[in-house]
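Participant: Sequence:
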Amino acid sequence: MSIPLLEVTPKTQNQRVEGYEVPDEDRPRIYRATDVSSDTDINDLIWAGYRQIYSEHLILESYRQQYLESQLRNRAITVRDFIRGLGKSEVYRQLVGETNSNYRLVDITFKRFLGRATYDKDEQIAWSIVIATRGLNGFIDAIVDGEEYRQSFGNDVIPYQRRRFKDRPFNLVNPRYGDDFRDRQNLRALAGRSYYQTRQTGEVTKEVVRKAIPFNFLNMAGSILSPEVNYQRAIATATSQVKNIEIPDMTRGENSIERTVKPKEAALPYRYIPKANPKV
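Each residue of the sequence shown is one higher than the one before, counting from 1 in UniProt numbering.
Because the hints were derived from the structure by calculation, they are not lab data. You may find that some hints are simply not true.
[Said to hold, decoys possible] Label-pair distances were calculated between CB atoms; the ranges are: (1) S62 with D145: 26 to 34 Å; (2) D141 with V242: 47 to 55 Å; (3) R32 with Q94: 26 to 34 Å; (4) R134 with S62: 45 to 53 Å; (5) I235 with Q94: 39 to 47 Å.
Note that CB positions come from ideal geometry on N, CA and C, so glycine has one too.
Given only the sequences and the hints, what does the whole structure look like? Please build it.
Facilitator: See below:
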(Lines of atoms letter the chains of each structure in order from A and count residues from 1; the text may use other names and numbers.)
(Lines give C-alpha, C1' and ligand atoms only; values in the text may rest on other atoms or scores of the structure.)
Protein backbone atom coordinates (compact mmCIF):
# COMPACT_ATOMS: atom_id res chain seq x y z
CA MET A 1 0.00 0.00 0.00
CA SER A 2 1.54 3.29 -1.11
CA ILE A 3 1.60 6.36 1.08
CA PRO A 4 -1.08 8.89 0.03
CA LEU A 5 0.05 12.28 -1.21
CA LEU A 6 0.25 14.87 1.55
CA GLU A 7 -2.15 17.79 1.27
CA VAL A 8 -0.58 21.05 0.09
CA THR A 9 -2.20 24.48 0.04
CA PRO A 10 -1.83 26.05 -3.42
CA LYS A 11 -0.22 29.49 -3.49
CA THR A 12 -0.97 32.33 -5.88
CA GLN A 13 1.25 32.05 -8.94
CA ASN A 14 0.95 33.53 -12.40
CA GLN A 15 -0.82 30.49 -13.85
CA ARG A 16 -3.52 30.64 -11.15
CA VAL A 17 -4.76 34.18 -11.89
CA GLU A 18 -6.32 35.73 -14.96
CA GLY A 19 -3.90 37.58 -17.21
CA TYR A 20 -4.40 41.14 -18.40
CA GLU A 21 -1.27 41.60 -20.50
CA VAL A 22 -1.45 41.82 -24.27
CA PRO A 23 -0.02 38.72 -26.02
CA ASP A 24 3.32 39.41 -27.67
CA GLU A 25 6.42 37.54 -28.84
CA ASP A 26 7.22 36.46 -25.28
CA ARG A 27 4.09 34.33 -25.14
CA PRO A 28 5.07 30.64 -25.43
CA ARG A 29 4.08 28.84 -28.60
CA ILE A 30 1.63 25.99 -28.07
CA TYR A 31 2.28 22.77 -30.02
CA ARG A 32 -0.82 20.61 -30.56
CA ALA A 33 -1.13 17.28 -32.29
CA THR A 34 -4.44 18.41 -33.79
CA ASP A 35 -2.62 21.18 -35.70
CA VAL A 36 -0.19 18.76 -37.37
CA SER A 37 -0.75 18.48 -41.12
CA SER A 38 2.71 17.69 -42.53
CA ASP A 39 6.03 16.04 -41.72
CA THR A 40 7.46 19.43 -40.82
CA ASP A 41 4.74 19.99 -38.24
CA ILE A 42 5.28 16.60 -36.62
CA ASN A 43 9.04 17.24 -36.50
CA ASP A 44 8.44 20.58 -34.78
CA LEU A 45 6.13 18.88 -32.31
CA ILE A 46 8.73 16.23 -31.46
CA TRP A 47 11.56 18.74 -31.06
CA ALA A 48 9.35 20.92 -28.86
CA GLY A 49 8.87 17.92 -26.57
CA TYR A 50 12.62 17.33 -26.41
CA ARG A 51 13.31 20.97 -25.60
CA GLN A 52 10.68 21.08 -22.88
CA ILE A 53 11.52 17.82 -21.09
CA TYR A 54 15.26 17.46 -21.68
CA SER A 55 15.99 21.20 -21.65
CA GLU A 56 18.53 20.58 -24.40
CA HIS A 57 18.22 23.12 -27.19
CA LEU A 58 20.69 21.29 -29.36
CA ILE A 59 19.46 17.72 -29.11
CA LEU A 60 22.19 15.11 -29.33
CA GLU A 61 21.64 12.10 -31.55
CA SER A 62 22.16 9.79 -28.58
CA TYR A 63 19.34 11.53 -26.69
CA ARG A 64 16.69 10.83 -29.32
CA GLN A 65 14.04 8.26 -28.53
CA GLN A 66 13.51 6.66 -31.94
CA TYR A 67 10.83 4.23 -30.77
CA LEU A 68 8.69 6.97 -29.20
CA GLU A 69 9.13 9.19 -32.26
CA SER A 70 7.98 6.38 -34.57
CA GLN A 71 4.91 5.67 -32.47
CA LEU A 72 3.96 9.34 -32.35
CA ARG A 73 4.42 9.78 -36.10
CA ASN A 74 2.13 6.81 -36.71
CA ARG A 75 -0.42 8.11 -34.17
CA ALA A 76 0.02 4.92 -32.14
CA ILE A 77 0.44 7.01 -28.96
CA THR A 78 -0.76 10.42 -27.86
CA VAL A 79 1.40 13.42 -27.06
CA ARG A 80 0.83 12.74 -23.36
CA ASP A 81 2.25 9.23 -23.75
CA PHE A 82 5.20 10.66 -25.68
CA ILE A 83 5.93 13.07 -22.82
CA ARG A 84 5.55 10.21 -20.34
CA GLY A 85 8.09 8.16 -22.30
CA LEU A 86 10.61 11.02 -22.32
CA GLY A 87 10.28 11.33 -18.55
CA LYS A 88 10.85 7.60 -18.06
CA SER A 89 13.79 7.46 -20.46
CA GLU A 90 17.34 6.79 -19.36
CA VAL A 91 18.33 10.23 -20.66
CA TYR A 92 16.03 12.03 -18.21
CA ARG A 93 17.23 9.78 -15.42
CA GLN A 94 20.85 10.68 -16.15
CA LEU A 95 20.33 14.40 -16.83
CA VAL A 96 17.94 15.18 -14.00
CA GLY A 97 17.17 12.22 -11.75
CA GLU A 98 20.67 11.15 -10.76
CA THR A 99 22.20 14.63 -10.57
CA ASN A 100 19.76 16.27 -8.15
CA SER A 101 18.26 15.77 -4.74
CA ASN A 102 14.65 14.63 -4.55
CA TYR A 103 13.46 18.13 -3.62
CA ARG A 104 15.11 19.72 -6.62
CA LEU A 105 14.02 16.85 -8.84
CA VAL A 106 10.41 17.61 -7.89
CA ASP A 107 10.83 21.32 -8.67
CA ILE A 108 12.48 20.75 -12.06
CA THR A 109 9.97 18.08 -13.06
CA PHE A 110 7.04 20.33 -12.17
CA LYS A 111 8.51 23.13 -14.27
CA ARG A 112 8.97 20.88 -17.29
CA PHE A 113 5.87 18.68 -17.05
CA LEU A 114 3.31 21.00 -15.42
CA GLY A 115 4.63 24.35 -16.59
CA ARG A 116 4.88 25.83 -13.10
CA ALA A 117 7.24 25.89 -10.15
CA THR A 118 6.46 24.13 -6.90
CA TYR A 119 4.44 26.19 -4.47
CA ASP A 120 6.73 25.78 -1.49
CA LYS A 121 8.90 23.33 0.41
CA ASP A 122 5.85 21.43 1.64
CA GLU A 123 4.92 20.43 -1.90
CA GLN A 124 8.49 19.34 -2.59
CA ILE A 125 8.45 17.20 0.55
CA ALA A 126 5.09 15.66 -0.33
CA TRP A 127 6.18 14.64 -3.82
CA SER A 128 9.62 13.52 -2.70
CA ILE A 129 7.81 10.87 -0.66
CA VAL A 130 6.25 9.68 -3.92
CA ILE A 131 9.75 9.40 -5.44
CA ALA A 132 10.98 7.46 -2.41
CA THR A 133 8.05 4.99 -2.49
CA ARG A 134 7.34 4.60 -6.22
CA GLY A 135 10.64 5.50 -7.85
CA LEU A 136 11.21 7.91 -10.74
CA ASN A 137 8.89 6.08 -13.15
CA GLY A 138 6.05 6.05 -10.62
CA PHE A 139 6.65 9.73 -9.95
CA ILE A 140 6.37 10.56 -13.67
CA ASP A 141 3.18 8.49 -13.94
CA ALA A 142 1.64 10.29 -10.96
CA ILE A 143 2.29 13.69 -12.57
CA VAL A 144 1.24 12.85 -16.12
CA ASP A 145 -1.89 11.02 -14.94
CA GLY A 146 -2.74 13.78 -12.49
CA GLU A 147 -5.72 16.09 -12.79
CA GLU A 148 -3.59 19.22 -13.15
CA TYR A 149 -1.78 17.84 -16.19
CA ARG A 150 -5.05 16.74 -17.80
CA GLN A 151 -6.71 20.11 -17.30
CA SER A 152 -3.69 22.09 -18.49
CA PHE A 153 -2.47 20.09 -21.49
CA GLY A 154 -4.79 17.15 -22.09
CA ASN A 155 -3.65 14.42 -24.48
CA ASP A 156 -2.49 16.48 -27.45
CA VAL A 157 -0.50 19.50 -26.14
CA ILE A 158 3.22 19.67 -25.42
CA PRO A 159 3.70 21.12 -21.90
CA TYR A 160 4.83 24.73 -21.74
CA GLN A 161 5.37 27.39 -19.09
CA ARG A 162 1.88 28.59 -18.31
CA ARG A 163 1.42 32.36 -18.31
CA ARG A 164 5.10 33.23 -18.45
CA PHE A 165 5.41 36.78 -17.20
CA LYS A 166 8.54 38.89 -17.28
CA ASP A 167 11.03 36.04 -16.71
CA ARG A 168 12.65 33.67 -19.16
CA PRO A 169 11.33 30.13 -19.62
CA PHE A 170 12.07 27.64 -16.87
CA ASN A 171 14.01 25.33 -19.13
CA LEU A 172 16.39 28.16 -20.05
CA VAL A 173 17.36 29.11 -16.51
CA ASN A 174 17.73 25.65 -14.94
CA PRO A 175 21.30 24.33 -14.79
CA ARG A 176 21.86 20.63 -15.21
CA TYR A 177 22.70 20.02 -11.57
CA GLY A 178 22.41 21.92 -8.32
CA ASP A 179 24.91 23.18 -5.80
CA ASP A 180 24.63 20.10 -3.60
CA PHE A 181 25.61 17.75 -6.43
CA ARG A 182 28.45 20.00 -7.64
CA ASP A 183 29.90 20.33 -4.13
CA ARG A 184 29.64 16.59 -3.60
CA GLN A 185 31.50 15.94 -6.83
CA ASN A 186 34.22 18.43 -5.89
CA LEU A 187 34.73 16.87 -2.48
CA ARG A 188 34.77 13.41 -4.00
CA ALA A 189 37.41 14.45 -6.53
CA LEU A 190 39.55 16.20 -3.91
CA ALA A 191 39.05 13.74 -1.08
CA GLY A 192 42.29 12.65 0.58
CA ARG A 193 44.53 14.75 -1.61
CA SER A 194 47.11 16.73 0.31
CA TYR A 195 50.42 18.22 -0.74
CA TYR A 196 52.33 15.10 0.19
CA GLN A 197 49.93 12.81 -1.65
CA THR A 198 49.78 15.01 -4.73
CA ARG A 199 53.51 15.07 -5.24
CA GLN A 200 54.71 11.74 -6.56
CA THR A 201 58.13 12.29 -8.07
CA GLY A 202 60.11 15.07 -9.60
CA GLU A 203 60.70 18.66 -8.62
CA VAL A 204 58.37 20.85 -6.61
CA THR A 205 56.74 23.16 -9.13
CA LYS A 206 53.91 25.64 -8.94
CA GLU A 207 51.58 23.18 -10.64
CA VAL A 208 52.27 20.52 -8.01
CA VAL A 209 51.63 22.95 -5.16
CA ARG A 210 48.44 24.30 -6.74
CA LYS A 211 46.99 20.81 -6.96
CA ALA A 212 47.03 20.56 -3.18
CA ILE A 213 45.61 24.04 -2.52
CA PRO A 214 41.88 23.24 -3.12
CA PHE A 215 41.77 20.41 -0.59
CA ASN A 216 43.61 22.40 2.08
CA PHE A 217 41.41 25.43 1.46
CA LEU A 218 38.20 23.41 1.66
CA ASN A 219 39.30 21.90 4.96
CA MET A 220 40.06 25.35 6.35
CA ALA A 221 36.80 26.81 5.06
CA GLY A 222 34.81 23.89 6.44
CA SER A 223 36.28 24.39 9.90
CA ILE A 224 35.11 28.01 10.12
CA LEU A 225 31.65 27.63 8.56
CA SER A 226 28.97 28.99 10.82
CA PRO A 227 25.76 26.97 11.26
CA GLU A 228 22.90 27.82 8.97
CA VAL A 229 20.53 30.44 10.35
CA ASN A 230 16.81 29.82 10.24
CA TYR A 231 15.79 33.32 9.19
CA GLN A 232 12.07 32.63 9.44
CA ARG A 233 12.40 31.45 13.03
CA ALA A 234 14.74 34.36 13.91
CA ILE A 235 12.28 36.89 12.49
CA ALA A 236 9.39 35.27 14.37
CA THR A 237 11.36 35.32 17.63
CA ALA A 238 12.32 38.98 17.22
CA THR A 239 8.75 39.93 16.34
CA SER A 240 7.30 38.18 19.39
CA GLN A 241 9.88 39.87 21.64
CA VAL A 242 9.00 43.29 20.24
CA LYS A 243 5.28 42.67 20.71
CA ASN A 244 5.70 41.56 24.34
CA ILE A 245 8.19 44.19 25.43
CA GLU A 246 7.02 46.54 28.21
CA ILE A 247 7.88 50.20 27.76
CA PRO A 248 8.45 51.94 31.10
CA ASP A 249 6.28 54.94 31.95
CA MET A 250 8.52 58.01 31.65
CA THR A 251 5.77 60.59 32.16
CA ARG A 252 5.76 62.85 35.22
CA GLY A 253 3.08 62.12 37.73
CA GLU A 254 1.89 63.97 40.81
CA ASN A 255 4.43 62.29 43.07
CA SER A 256 7.36 62.74 40.73
CA ILE A 257 10.29 64.68 42.13
CA GLU A 258 11.49 67.59 40.05
CA ARG A 259 15.23 67.45 39.84
CA THR A 260 17.17 70.67 39.59
CA VAL A 261 20.79 71.32 38.75
CA LYS A 262 22.63 73.08 41.55
CA PRO A 263 25.14 75.79 40.66
CA LYS A 264 28.69 74.71 40.95
CA GLU A 265 31.84 76.76 41.14
CA ALA A 266 33.94 76.43 38.01
CA ALA A 267 37.75 76.59 37.96
CA LEU A 268 38.29 79.40 35.44
CA PRO A 269 40.93 82.08 35.10
CA TYR A 270 38.44 84.33 36.87
CA ARG A 271 35.93 83.43 39.59
CA TYR A 272 32.43 83.01 38.36
CA ILE A 273 29.57 81.46 40.26
CA PRO A 274 26.37 81.13 38.22
CA LYS A 275 23.19 82.17 39.92
CA ALA A 276 20.39 79.75 40.54
CA ASN A 277 17.74 82.00 38.98
CA PRO A 278 19.42 84.40 36.58
CA LYS A 279 17.47 87.40 35.41
CA VAL A 280 16.72 87.69 31.75
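Participant: So, for every hint listed, does it hold in this structure?
Facilitator: Hint check:
1. S62 with D145: 26 to 34 Å: holds (29 Å)
2. D141 with V242: 47 to 55 Å: holds (49 Å)
3. R32 with Q94: 26 to 34 Å: With Cβ atoms ~29 Å apart, the hint holds.
4. R134 with S62: 45 to 53 Å: With a Cβ separation near 28 Å, R134 and S62 fall outside 45 to 53 Å, so the hint is violated.
5. I235 with Q94: 39 to 47 Å: holds (40 Å)
Figure legend: structure checked against the earlier numbered hints; the only hint not met is number 4.
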